[in-house]
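A.B. asks: Okay, here's what each chain looks like letter by letter:
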Amino acid sequence: MSYSRITLTVNEVVETVDVPQHMTLLQMLREKLSLTGTKNGCTAGECGACTVMMNDEPVNSCMVLAAECDGANILTVEGLAKQGKLSKLQDTIIKTGGVQCGFCTPGMLISATALLKRNPHPTENEIREALVGNLCRCTGYYRIVEAVKEAAGE
Amino acid sequence: MANAKSKEKNPTVVGASVPRNDVLEKVTGSATYLDDIQFGNNLLYARAVRSPHPHALIKRIDTSKAEKFPGVKAVVTGKDFPERIGLYLKDKTIFATDRVRFLGEPVAAVAAVSEEIAQKACTLVEVEYEPLEGVFDAEYGASDKAPLLHPDLGKYECVNFIFPKAGTNISNHFKIRKGNVEAAWKECAFIVDKTYKIPHIQHVPIEPHGAVAMMDQKGKVTLWASSQSPFAQRNLVAKALHISHSDLRVIAPLVGGGFGSKAGLTMEAIPVALATKLPGVPIKFILTREEEFYTNFVRQGLTIHVKVGCDKDGNLLALKNTMYWDGGASTEYGTNITRAGGYSSSGPYDIPNVETDSICVYTNHPIGGAYRGFGMSELHTGIDQAIDELAEKSGIERVKFLKQNAIAEGDIVVTGMTMHANGIQQCIDNVAKAIEFTKKEKPSTPDRLRGKGIAIMWKAPAMPPNPGSSAWVELSEDGKATVGLGGQEIGQGTFTVMAQIAAEALGVKYEDVRIAGPVDTQYSPYEWQTVASRLTWSMGNAVRLAALDARKQILDVVAEAWHETPEDLDIVNGMVVSYKSEQETPLANLVIYGLPKPNDEGWMGGPIVGRGSFMPKYVTNLDPETGQGPRAVVHYTVGCEGLDIEIEKSTGKIHVIRAGASFDVGKAINPALVKAQVEGGFVQGLSSALFEEIRLRNGVMTNPSFVDYRIATSADTAFPLDTTYVEVPQDDGPWGARGVGEHPMVPTIAALGNAIYDATGIRLDGPPFSAEKIFLAMLDAGKVE
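In order, the protein sequence lines correspond to chains B and U.
The first sequence finishes on residue 155 if you use my numbering, and the numbering steps up by one all the way, no holes.
The second sequence finishes on residue 768 if you use my numbering, and the numbering steps up by one all the way, no holes.
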């Protein structure tokens, strides 16, 4: 098996990792860096549970090869809170009750964070559009959308 | 306890929308689910060899090549695990032995150093099959023309309220014979006679099923599982593998969605079987999304024939209801869904004459198991649409028709039990108001049609007569309380609700109550299963009793120390106070070390541990020929939903304009969580109504991926959903509470079907109500060009 040595930034920490050629970004995060907050729901880029930010764009980390991430800047759910302080969106999703089983939550938070970064004041339709690749079976999405609206409110 | 109980005041924590106690870890990625637990470098990975045939005899299995493959540590097949298992009917084995009965059935399993090697080794297991004719339709399966799928059905062990018919494919036939249906038809002024088909669907938890098993050198097995049923799994695995219950430990971390799919025992047995061959080594098995779709439990399909009639004034007189449940290859769980469909077969209507045949049929389809609503969504899809048409025929306005016929306190329900007080009238009013049901409205544009639909529901917890709950409440040096329980947090918020109940009953702040998680059968008290919307009611009672027990122990010690009576004492926000002497002391002062006796004479009290247990004791079996008996179920939760929709004439696409949902929860322990359950359940119901179907062709699922099996996304719920609840107390629920977890998805298909009918005059024979189906039906009916 051939390995690549890559250097990348994950949640503002520079990491150098030896990754097998077939290893995905998701596997690298979970297995090599023990960042298990990012979830695996389908391994096919369809459910969005594994969404992370790669160079400011949300990606399904199960569809990205780790070897492609040399030099990349990755943000996962573990990197949203800074110095123990939750991000605005983490606060609002608690407040609105947008979390049930919590398995889609990390990917949902990343997609919504990416949206707010490129569009700080989205309309409800823009929010719903941005989250369409993140499946949630528990909530019906109402309180998640509400959380994004509230986070954008300030 | 009477003393402590007399001190109960108006609740302050119970009834408050406190924030969830599991949410900080969930938003920061630190919450631990099954696949997040670290097992070290010795961890092995399992994959399963699965049947490529829906029905075949197994002629030969050769595992030798797989065993020799580098990296493979163990290969197991059915010959080592012949014991039959099942929750209600023991009709399956961990691996197929002599015959496979559905495509995807496990035949063997491999443990290896990596998933890739395990998967490769699976392809090296040689299995020779002799394909057999299959059964792919329940009604055909029930006929004497169909091949027998379980020739030994008569020998299978089952509980005493399930009635398999040996020599057939019918694994349960539940009957209701109430009144005289044949005579009643003659009294009917209006009759509707319809057939509906409800397809198989999948639960689709976003977290796939997963389990890790390890056996130690003494033969003690630990199973970590994403599970709704750690105790039921302990029971089933122990029996299947002849392990003592005490030597089997199930640890159940947070569950990433269950909806019934993680109840009972399915894929979790596979790593356990492998673990018995490899002492000291943990083995992980996680289903792929494709396996998730059809190799584990699905919601079984239903064909329902409904004939229902009323008199000229719209009073329901008679119902004949014949249901064929497509139970799949095993009906170990499905037999009880059939039973639940039978004993609730009238829906929430007062009907004096009912004849029901609820028939569970083996087919060569995936195995039907518990799914949120447990038969009720399927049943109500038929009943509520037929009632809608009957209301129209009678000329009576829908809401009036529903209210006039809805089940009321004192009515004799379909099983002969007397109905308890309930808020269904208020639920109907709430929903009718939310969508202005009686107001006929124009579509927003001329190229659309508009319609409104409404449907009511009931559901009882479906379970054995005596499922138990237990709990303990202990206090620590800081005066805070920890609750031990065995029910699972699957997203519904039960850990939060149980903390509220304990806080209220004990007299401490909500923030000062911890839940002893994860549930671990070695330390946690017994809980039957996290199913049936039963936890708030059943486990809530156990937790309340445990907290009251702890409270009594505390007050007895303080009363003795202060020379007062417990009746004059109270616990308020963690302080023991006397209303008589106005003394007070924090719990931290006494709950571990007790209190000193005066004059250095020693000590009194000691560590406080309260215990509580609850089990309904009043449920009776029913007569197998008539389905009649004093009390079939513990209680019914009732509710109503309605939709206001528009349909594009050119495509058939449905746009929901607004919707309403209202349920009688007895008491909302946490109103925000009630609303969250109702929203999520409604959308899951809507998703099943609009999109979902496991497409089966000769036993093969043709759409096992999220691309081909679509569920509702954020774009599908861009409409206002009005959720309300009613509180008619449950006599034996904590503060009057009863469950509402499943109910919101029960009437949704019917309510949407009724709205489509109102908009188009078209009644499709079953969901999903796809744009294509609606458009073609409109075209056929000449409604559009």
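Heads up, a few of these hints could be off.
[What the hints assert, rightly or not] Straight line, CA to CA, 25 Å or less: simulated SDA-like cross-link-like pairs of lysine to any residue: (1) B:K150 / U:P703; (2) B:K89 / U:S13; (3) B:K150 / U:A701.
[Claimed, not checked] The calculated label-pair distances, taken between Cβ atoms and stated as ranges, are: (4) B:T124 / U:K260: 26 to 34 Å; (5) U:Y576 / B:Q84: 53 to 61 Å; (6) B:Q22 / U:K492: 37 to 45 Å; (7) B:K118 / U:K376: 20 to 28 Å; (8) U:D294 / B:T124: 15 to 23 Å; (9) B:T124 / U:T271: 55 to 63 Å; (10) U:G585 / B:G85: 55 to 63 Å; (11) U:V592 / B:Q22: 54 to 62 Å; (12) U:T(-5) / B:Q84: 33 to 41 Å; (13) U:S427 / B:T124: 16 to 24 Å; (14) B:K118 / U:L762: 40 to 48 Å; (15) U:D715 / B:E58: 49 to 57 Å; (16) U:T271 / B:K118: 43 to 51 Å.
[Claimed, not checked] From the derived model, a few chain U residues whose C-beta atoms are all more than 10 Å from chain B: (17) T11; (18) Q21; (19) E170; (20) D430; (21) I473; (22) Q475; (23) G476; (24) M558; (25) V690; (26) T700.
If you're looking for bench data, these hints aren't it; they were derived computationally from the structure.
In this text, a Cβ means the ideal position worked out from N, Cα and C, and glycines have one as well.
A.B. asks: Does the Cβ pair D715 of chain U, E58 of chain B satisfy 49 to 57 Å?
C.D. replies: Given range 49 to 57 Å: holds, Cβ gap about 55 Å.
A.B. asks: Is 26 to 34 Å a correct range for the gap between the Cβ atoms of T124 of chain B and K260 of chain U?
C.D. replies: The hinted range 26 to 34 Å is violated for T124 of chain B and K260 of chain U, with Cβ atoms some 58 Å apart.
A.B. asks: Is the hinted pair K150 of chain B and P703 of chain U satisfied, with a Cα-Cα distance of at most 25 Å?
C.D. replies: Cα-Cα ~15 Å, so holds.
A.B. asks: Over 10 Å from every CB of chain B: does E170 of chain U meet that, or does the non-interface label fail?
C.D. replies: holds (43 Å)
A.B. asks: How does the Cβ-Cβ distance of K118 of chain B and K376 of chain U compare with 20 to 28 Å: does it lie in that range?
C.D. replies: violated (58 Å)
A.B. asks: Is it correct that the beta-carbon of M558 of chain U has no partner in chain B closer than or equal to 10 Å?
C.D. replies: Label holds. Min Cβ-Cβ 29 Å, cutoff 10 Å.
A.B. asks: Do the beta carbons of S427 of chain U and T124 of chain B sit within 16 to 24 Å of each other?
C.D. replies: Given a distance of about 19 Å, which is inside 16 to 24 Å, the answer is holds.
A.B. asks: Minimum Cβ separation between G476 of chain U and chain B greater than 10 Å?
C.D. replies: violated (7 Å)
A.B. asks: At the C-beta level, are D294 of chain U and T124 of chain B separated by a distance inside 15 to 23 Å?
C.D. replies: violated (53 Å)
A.B. asks: Any Cβ of chain B at or closer than 10 Å to I473 of chain U, or is the non-interface label fine?
C.D. replies: Label violated. Min Cβ-Cβ 6 Å, cutoff 10 Å.
A.B. asks: Confirm or reject: D430 of chain U is not an interface residue toward chain B, with every Cβ-Cβ distance exceeding 10 Å.
C.D. replies: About 21 Å separates D430 of chain U from the closest Cβ of chain B, which puts it past 10 Å; holds.
A.B. asks: Given the hint of 55 to 63 Å, check if T124 of chain B and T271 of chain U actually sit that far apart at their C-beta atoms.
C.D. replies: violated (37 Å)
Violated hints, in rising order: 4, 5, 6, 7, 8, 9, 10, 16, 17, 18, 21, 22, 23, 25 and 26; the structure is consistent with all others.
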